[in-house]
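Protein chains in written order, with our numbering: chain A, 49 to 319; chain B, 72 to 293; chain C, 15 to 235.
Incorrect hints may have been included.
Stated by the list, open to error - Not everything, but these chain C residues come out facing chain B in the computed CB check (under 10 Å):
#1 L18
#2 E19
#3 M56
#4 L58
#5 Y61
#6 V90
#7 L125
#8 R129
#9 Q131
#10 A135
#11 L170
#12 K171
#13 T173
#14 A188
#15 I207
Claimed, not checked - Here are the simulated EDC-like pairs of lysine to aspartate or glutamate, each with C-alpha atoms no more than 20 Å apart in a straight line:
#16 A:K231 / B:E192
#17 B:K230 / C:E133
#18 A:K305 / A:E317
#19 B:K206 / B:E177
#20 B:K289 / A:D206
#21 A:K262 / A:D84
#22 B:K230 / C:E225
#23 A:K289 / A:D277
#24 B:K230 / C:E19
If you're looking for bench data, these hints aren't it; they were derived computationally from the structure. Glycine included, every Cβ here is placed at the ideal spot set by N, Cα and C.
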Amino acid sequence: MQNLVGYPLELTGEDTPMVRFTNVRKSYGPLVVLDDLNLDVAEGEMVSIIGPSGSGKTTVLRMLMTLETINGGCIYVDGKPLTHMPKNDKLVLANTRYLRERRADIGMCFQHFNLFPHMTALQNCMEGPVQVLGLSKTEARERSEELLELVGMIDKKDQHPSRLSGGQQQRVAIARALAMRPKVMLFDEVTSALDPEVIGEVTNVIRALVSQHKLTMLMVTHQMGFARDISDRVCFFYGGKIEEQGPPADLFGNPQKERTQKFLSAVSEAI
Amino acid sequence: MFDWRWDFVAEIMPRLLWATGNTLMAAGIGYVIALVLGLFLALGQRGSNRVLTTILREGIEFIRSTPLILQIFFVFYVGPQFGLVLSPWVAGMIAIGLHYSCYLSEVYRGGIESVPRGQWEAATALNMTRWQTYKQVIIPQSLPFALAGMGNYLVGIFKDTPMLSVIGVYELVHTANAIGSENYRFLEPYTLVGFIFLAISLPTAALVRLFEGRVRSKMGMN
Amino acid sequence: MTLLEFVAQYWPRLLTGTANTVALFFLSAALGIAIALVMALMKLSSYRALRWTAISYIEIFRGTSLLVQLYWVFFVMPLFGFTIEKFTAGYLAVGMNIGAYGAELVRGAILSTPRGQWEAALAINMSPAKRMWRIILPQALVNMLPAWGNLLIELLKGTALVSLISVADLMFEAKQINGSTFLSAQAFGTALIIYYVLARFILTPFMRWAERAMARKIGKA
């Protein structure tokens, strides 16, 4: 598709962000989902993305996980381009091999968990480390059990997903993603498919991650209170663009734009 | 009303049992061909080559919508017209194997398509290759879905082997025809052949169902 | 001889063969559908005798080969005093065979109709027969039509077997022409193409149309 001109082959320097979206555009035919997106996420930062449905927030995460191609611009992760690769001093669209190499930096949790139903919780966590990272079964088991312990699922490690509640499945899914040791973790509406009474067990795990680990995280969520509590920064998306962003205290406490105010008041009325 | 002769039954039983062996062998060989060839047809259809995909689809449709018996005749008689003589067994196995590989490719395809998109995405998020995704995630999950179809066609191919009698494969019906015309008695041979088919296909179908349930529960899919 | 020359010379026989195949198709389809409906309802009946009759019928016809059934009807039935003309024997065997498979389709579709539909029909005090005929069957019909499309193609293919008891269908004509001319590729090839056209370009589009029409009729599309 498009070769990029004028984009750096690598980001260097002290303030290189962990994730950078540069003029990223995404459309499905005539429908523009993301319009010229620019967004930096620093190392160790927790950024929440909020906004009405159809505003393109999930697309941001799916592009970062390379589940969607992009129609314009470039995404960098850890200083290196993700969607493109350097070739003869230019950036060309990344091939499968390059994508596979770069994808190792990113992990993702899905709204519907997407656990592998034919494997137990432990096998789900060991699958990537053994098959993709090439760890020995013993190492992978050790790492997975440690993570299942962290998410409080160690006593269910031999259960298949069909025997677990939604909240339990999502905790296993978080452990599975962490087992790959990503630098960036993506949470795509991880509580939206859960019953209200089990949302807490998932958000508590994410809270623990934020306070104890220096992971870079992007989270799409509808839970404003949670986003306010744990984010370093909140981005409000509207119509494929970032309408407003800032520290949670500012964005929730004193929104500047009218659309942000409307959205927040509509959400708070619904509660 | 009619005379059923047990002594005649005893006389022809050894021949019928020998023919049962041939029928089972024909079904077995044909099924193995169909299982393997079907997988190639299914994966070929999922490839990115548009021309190949279209040819495969249309070819499969053609074979699936025309009679197997006609295909058996075609394979057996067309070869000699061009100087290639196939034995009844070889022609029969080609025809029946090819016919059922088309059905099995549809079974595999349905199984693969029954795996939710999220599973592909989760595999991508774990950075698996396409081959790893198929081997570790997609095929194990499509198997329980495919097993029912695979089992049906195992029984199906077994029940279609009598068509091989028309080109002279000594399976059950061919043998029953021979016995009938040698002795001018059709009641016993055809009835016995019917019972032999029932005695094999009903338990096989039951075993397939049992096995399917086992696999499902083993994979935690109940 | 090219295919065109071949068709130019033998078309009258191919045409009568095709006409006989189509006639066999309609007769066995009518018989098969009737048997399927009756056997399905019997298998769902609360009377054990009816249920077991249906189960035996279905298992016997699905558990053995169509060819064996055909030979049995044609060669063995006369021993019981029923001498059956070969054309009749042909569509009887094919229709009875398809009826057994169809019964399972009908039963499955009836059972998959949501329970709430039964309850709602009961709540307005419909008789059991009315409930089945007015409420359940129309919905079941829409659900099972796609599967019937496949089954009718199997039926069309099944009719080719009657050539083995010398019914002059398309398959039989192809075999006769092959026997006298040894033009196997042309004879069997033409027959294959005719079967394909019947299945793919007449039967399948008709079933698709029927599916859409039925869906519209019960307000699903």
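Exercise. Between B:K206 and B:E177, is the straight-line Cα distance small enough, at 20 Å or below?
Worked result: holds, 19 Å
Worksheet item: Does the interface hint hold: is C:Q131 within less than 10 Å of chain B, judged Cβ to Cβ?
Response: Constraint on C:Q131 not satisfied, violated at 26 Å.
Under 10 Å is the threshold here; is the Cβ of C:E19 close enough to any Cβ of chain B for the hint to stand? With a closest approach of 16 Å, the C:E19 hint is violated.
**Prompt:** Given C:T173 as an interface hint, is the shortest Cβ-Cβ distance to chain B below 10 Å?
**Reply:** Holds. Min distance 8 Å.
* Minimum Cβ distance from C:M56 to chain B below 10 Å? -> Nearest chain B Cβ about 19 Å off; hint violated.
For the hint on C:A188, just tell me whether its beta-carbon gets within less than 10 Å of chain B.
-> holds, 7 Å
- Message: Does the closest beta carbon of chain B sit nearer than 10 Å to the beta carbon of C:Y61?
- Response: violated, 24 Å
Check: Taking 10 Å as the limit, does the beta-carbon of C:I207 come near enough to a beta-carbon in chain B?
Finding: holds, 8 Å
Status of the C:L58 interface restraint (C-beta, 10 Å, chain B) | At 20 Å from the nearest chain B Cβ, C:L58 fails the 10 Å test, so the hint is violated.
Check your understanding: Hint check: is the beta carbon of C:L170 less than 10 Å from a beta carbon of chain B?
Key -> holds, 8 Å
Pair hint outcome, B:K230 versus C:E133 [Cα-Cα no greater than 20 Å]: violated, 41 Å
Given the hinted pair B:K230 and C:E225, is their Cα-Cα distance within 20 Å? With a Cα-Cα distance of about 30 Å, the restraint between B:K230 and C:E225 is violated, given a limit of 20 Å.
When held up to the earlier numbered hints, the structure conflicts with 1, 2, 3, 4, 5, 7, 8, 9, 10, 17, 21, 22, 23, 24 and fits the remainder.
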